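Which chain is which? The protein sequence lines are X and W, in order.
Following the numbering used here, the residues of the first sequence are numbered contiguously, the last one being 114.
Following the numbering used here, the residues of the second sequence are numbered contiguously, the last one being 113.
Since the hints were derived computationally from the structure, they do not count as laboratory data.
Treat the hints with care, since some could be wrong.
Not everything, but these chain X residues come out facing chain W in the computed CB check (under 10 Å) [stated by the list, open to error]:
#: 1; residue: T27
#: 2; residue: F54
#: 3; residue: G107
#: 4; residue: M111
#: 5; residue: V112
FRET-style restraints, in silico, Cβ to Cβ [as the list claims (entries may be wrong)]:
#: 6; chain 1: X; residue 1: A81; chain 2: W; residue 2: G51; range: 42 to 48 Å
#: 7; chain 1: W; residue 1: S53; chain 2: X; residue 2: S71; range: 20 to 26 Å
#: 8; chain 1: W; residue 1: Q80; chain 2: X; residue 2: A81; range: 49 to 55 Å
#: 9; chain 1: X; residue 1: E26; chain 2: W; residue 2: S27; range: 34 to 40 Å
#: 10; chain 1: W; residue 1: S53; chain 2: X; residue 2: V13; range: 42 to 48 Å
#: 11; chain 1: X; residue 1: N67; chain 2: W; residue 2: P61; range: 34 to 40 Å
#: 12; chain 1: X; residue 1: N97; chain 2: W; residue 2: Q83; range: 44 to 50 Å
#: 13; chain 1: X; residue 1: A1; chain 2: W; residue 2: D63; range: 19 to 25 Å
#: 14; chain 1: W; residue 1: S9; chain 2: X; residue 2: Q69; range: 26 to 32 Å
#: 15; chain 1: W; residue 1: A2; chain 2: X; residue 2: N97; range: 47 to 53 Å
#: 16; chain 1: W; residue 1: Q50; chain 2: X; residue 2: A81; range: 37 to 43 Å
#: 17; chain 1: W; residue 1: T76; chain 2: X; residue 2: I60; range: 38 to 44 Å
Bear in mind that the values here come from a model prediction, so they are computed numbers and not experimental data.
In this text, a Cβ means the ideal position worked out from N, Cα and C, and glycines have one as well.
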Amino acid sequence: AQKVTQAQTEISVVEKEDVTLDCVYETRDTTYYLFWYKQPPSGELVFLIRRNSFDEQNEISGRYSWNFQKSTSSFNFTITASQVVDSAVYFCALSENAGNMLTFGGGTRLMVKP
Amino acid sequence: GAGVSQSPSNKVTEKGKDVELRCDPISGHTALYWYRQRLGQGLEFLIYFQGNSAPDKSGLPSDRFSAERTGESVSTLTIQRTQQEDSAVYLCASSLAVRPEQFFGPGTRLTVL
């Protein structure tokens, strides 16, 4: 069975601070995919990134970066120089194959204050 | 191009009534998924379609829930004899068959009084 844990339910930072959202996963499969989604107050889930289990290279996209470590089963997400518009609930998710269901973590609510 | 669309955006119903929720996937996406999000919680998987067949119905919470899909197009999620615990946002997502990332619609907020 798969499981995704986001231990931080809520984080509050002041604008321009860096913040890291933690994600730990469990799966028995050797091939799997990890995702991060953003859910702003409007409610619509926005796809941010997908990583394949066989590719541990970290990725940076603007102020966003992701650190995938198979040894610790973690896929953490860092926002550098946070902005008020980053305020949202962020979900980490796992799927075992293309075309399979996503298993979501409970989400981390990020509040960025001006 | 157009994203996933869902209708209605909001539905208020009385306990015991049946409801139908609709999802239009992104054109060309053969896979379609339904999830439920209760207030303040994560997403629970309900059902998945590949084309118009449903290989995974494992998440449907009871036999009051059913879903169908016409070809590789519209899907309808039906909840019969609604209960208050069915109140949630119902989210639909679609993906290409060979790519794992799913793209979500805006959801239908269901309130059962």
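Evaluated hints:
| no. | hint | in the structure |
| --- | --- | --- |
| 1 | T27 | violated (13 Å) |
| 2 | F54 | violated (13 Å) |
| 3 | G107 | holds (5 Å) |
| 4 | M111 | violated (14 Å) |
| 5 | V112 | violated (19 Å) |
| 6 | X:A81 x W:G51: 42 to 48 Å | holds (45 Å) |
| 7 | W:S53 x X:S71: 20 to 26 Å | violated (39 Å) |
| 8 | W:Q80 x X:A81: 49 to 55 Å | holds (50 Å) |
| 9 | X:E26 x W:S27: 34 to 40 Å | holds (35 Å) |
| 10 | W:S53 x X:V13: 42 to 48 Å | holds (46 Å) |
| 11 | X:N67 x W:P61: 34 to 40 Å | holds (35 Å) |
| 12 | X:N97 x W:Q83: 44 to 50 Å | violated (33 Å) |
| 13 | X:A1 x W:D63: 19 to 25 Å | holds (23 Å) |
| 14 | W:S9 x X:Q69: 26 to 32 Å | violated (40 Å) |
| 15 | W:A2 x X:N97: 47 to 53 Å | violated (27 Å) |
| 16 | W:Q50 x X:A81: 37 to 43 Å | holds (42 Å) |
| 17 | W:T76 x X:I60: 38 to 44 Å | holds (41 Å) |
Hint compliance for this structure: hints 1, 2, 4, 5, 7, 12, 14 and 15 are broken, all remaining hints hold.
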